[in-house]
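Trainee: First to last, the protein sequences are chains A and U.
For the first sequence, the residue numbers in the numbering used here are 208 to 646.
For the second sequence, the residue numbers in the numbering used here are 208 to 646.
If you're looking for bench data, these hints aren't it; they were derived computationally from the structure.
Even glycine gets a Cβ: it sits at the ideal position worked out from N, Cα and C.
Where hints are given, some of them may not hold.
[Said to hold, decoys possible] Not the full set, but computed from the structure, chain U residues with beta-carbon under 10 Å of chain A:
1. A461
2. T510
3. M553
4. T613
[To be verified] Covered, in the sense of this in silico footprint (three residues per stretch, anywhere, with C-beta under 8 Å from a C-beta of chain U), are these stretches of chain A:
5. 445-452
6. 556-565
Chain residues, written in single-letter form:
Protein chains: 2
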Amino acid sequence: MEAAAEGARVYAAAAAVIDGELALAPAIEVASDGTIAAIHRDPSTIPAALPRYELGRRLLLPGLVNAHSHAFQRMIRGATHRRRAGDPSDFWSWREAMYAAAQGLDPAGVYRATRACFAEMVRAGITCVGEFHYLHHQVDGRPYDDPNELSRQVIQAAADVGIRLVLLEVFYARAGAHSPPLPEQRRFCDGSIDAYLARVDALRGEGVSLGLAPHSVRAAPADALREIAAYARAHGLVIHAHVSEQPRENEECAAEHGRTPTAVFAEAGCLDRPRTFTAVHAVHVDDGDLRRLGGQHVCACPTTEADLGDGIVPALDHRLRGARLALGSDSNAIIDLFQEARLLEMDERLRIGARICLAGPDESLGLALLRAATVDGASALGRPELGRLGVGAPFDAICVDLDHPTLADVGVDAWLDAVMLTGTAALVDQVYVGGVRRR
Amino acid sequence: MEAAAEGARVYAAAAAVIDGELALAPAIEVASDGTIAAIHRDPSTIPAALPRYELGRRLLLPGLVNAHSHAFQRMIRGATHRRRAGDPSDFWSWREAMYAAAQGLDPAGVYRATRACFAEMVRAGITCVGEFHYLHHQVDGRPYDDPNELSRQVIQAAADVGIRLVLLEVFYARAGAHSPPLPEQRRFCDGSIDAYLARVDALRGEGVSLGLAPHSVRAAPADALREIAAYARAHGLVIHAHVSEQPRENEECAAEHGRTPTAVFAEAGCLDRPRTFTAVHAVHVDDGDLRRLGGQHVCACPTTEADLGDGIVPALDHRLRGARLALGSDSNAIIDLFQEARLLEMDERLRIGARICLAGPDESLGLALLRAATVDGASALGRPELGRLGVGAPFDAICVDLDHPTLADVGVDAWLDAVMLTGTAALVDQVYVGGVRRR
């Protein structure tokens, strides 16, 4: 969808979260370049000459930031819940179904699957996605004529849908310690760290918004991690990796390295710079891991982590040790960051047996969960200008319908908690990216 | 809403779950009394004279049965997630906020709060609710002129909204062992088991669909449980009770009775008849409890049990020991049995670390979860004629929109699993109760 740019204008709403605080009856002035020029809390300061859009009984929130997605996995939504007798039915058997889907995609298929997924994200209020992209080559592992062919399909899908993309380019080398890639993993593999970085160089030269993504300690050997850390440092890029999603991953890592996955990433230099590393999942972590991740990000993906039997991200422990919590739709069986945010808190309540885990006394839990779904996701993606409504930020915004039955009779003081702790993406009825309306 | 009755007619849909199986392109013939007269799988058998409603790309499911609700608690949606320093923020502090809301309601307030809640239920595809009703008397405990005044407000709210109601009349006697009711519990208390049963007698005489509900072993002494069991047996009524929701409840029960809450109910005769007792929650249960509940129902309320830090219902263990699993929206912070059904399965995956817990090999998990949200809830409420689409059953049905973005591109084989394992109530776009369209 190509949407027309507009001139300067003003949006008035019942309420908005402005720079992390709930403001009643604000008017947001958007410049013709799609950034926020001013926020008027006093109606008399609104330039009368500007066109004015009345959003009525709507709550304006920053556009949501989805920090971890595998778009093509949406294809197997609902198709992985039958098992045969003898099938262990766990993460690893799910992976077989997912690999089978990955094998069937040509470039046009990657575009179609990704576009459908991104379109659903925009509808759900997601205005920026970190796509953890590992489908790189032909099924037998040979590169396409352009080695970035499939990355370009993802980039095109995002552009056509109007969602912001941070392409997390995955490095994948092996099935595990001392094991070459399985046949169904050949598409993911560049063959060498140099070939991988050459692909990254090309995309970087074109101005693509990028992060580096060594898939996991299982799929990336330690020497590659060191090269990735050095490249990321040299070019100011963030690093994302799957970390301690499954106990077996930890066991294999202990056997190969004699330490935890987090410790392996730290040893390789991936955690040297503050707030540039994102550990996706970080479920099965020990005290040393919590300490190491304290200055970084943890991206939880609660609906996927439940679906795959991964376990509960110890979000309270991560928060208390200083990690920022981001959220991802991961497998995209469900695309709904409101549910992810709620479950981040609710799974902790189940684990701990108490209420209100992710906010301190007198803090707003709704705001804390909104931070995970917005600014802290943007921080994880190396895009600190996103995830907030404030002067100078792009107008990436979503409207929550305060007349939705979920919110009927809910008082102003409880709006945000009700949205974040009882709502779903069905509350969202308008979406803007860079000032352009996308829903 | 008073909806007009209609004559005999036929509904054609892309698919329907008929008597527990997915059927493609069925036509359902509904008689003028609102019951299902015939199900046509062969178009040539459809009486040509009948008006025909084409539901298009919709999946018809039985109306959902919500086996455990406290309607008025919807009033505090979103309002219980702030705490002060020093507040332990657990189930018991949440209860204080809930009691405060309960104190403020006069009969008109009970009607308004209940009606708003039931209206949201119908919108979410719930066609029958078991209302666990304990607001009986004036704030100081004195009965209204009609001791069933507040029960009648609930009955009227259900009638006006068009939802089927099973009124689970609560018996509440005390704050705990050897403790009289707290001031804020006086409204709940009839003062004697005879006064309680007199209220029940009056409603029963008027043909109200009823169940007996000793609140919990904390609130009901053992002699009252014996009288309730005898009355229920004499009149063929189901019994519902809160069972082992919180560890403290078990500890206090052990101190008073020297056994578990489930054992106390069993000892009092509440579990003598198969399939007539429903243990709501049954989270903190031991092996003996699982065995005793094997011939009965367990009603799980996963969103509430997470919200209140109760813990995970061991649904797999209950299922393997032969309990039927029903679902409830309980506190009504969230009203969405699709989410409850999904979390019933997903919380087990988190607890156990494997996938596909609530269906055996080659069984459909989607159908198993739909059973919990329909027939097994109806069974728990003593209404076996509900919760299914089949000849002779009332046409209580909901439409799932197969063109909803959640279901776009999902293949026929995965429809049910996708609906039950990735969907929400937002998929529902038409609702019928007894053949009358209510949404």
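Trainee: Give a verdict on every hint.
Mentor: Hints and how they fare:
Taking 10 Å as the C-beta cut-off, the interface hint given for A461 (chain U) is violated, the closest approach to chain A being about 18 Å. Taken as an interface hint, T510 (chain U) checks out: its beta carbon lies about 8 Å from the nearest beta carbon of chain A, inside 10 Å. Satisfaction of the interface hint for M553 (chain U) is found here, the shortest Cβ-Cβ separation to chain A being roughly 4 Å, below the 10 Å cut-off. A distance limit of 10 Å between C-beta atoms decides the matter here; for T613 (chain U) the minimum to chain A is near 8 Å, and the interface restraint holds.
Residues of the segment 445-452 of chain A with a Cβ under 8 Å from some Cβ of chain U number 0, which does not satisfy the need for three, so the listed coverage is violated. By the rule of at least three residues with a Cβ nearer than 8 Å to a Cβ of chain U, the coverage given for the segment 556-565 of chain A holds, with 7 such residues.
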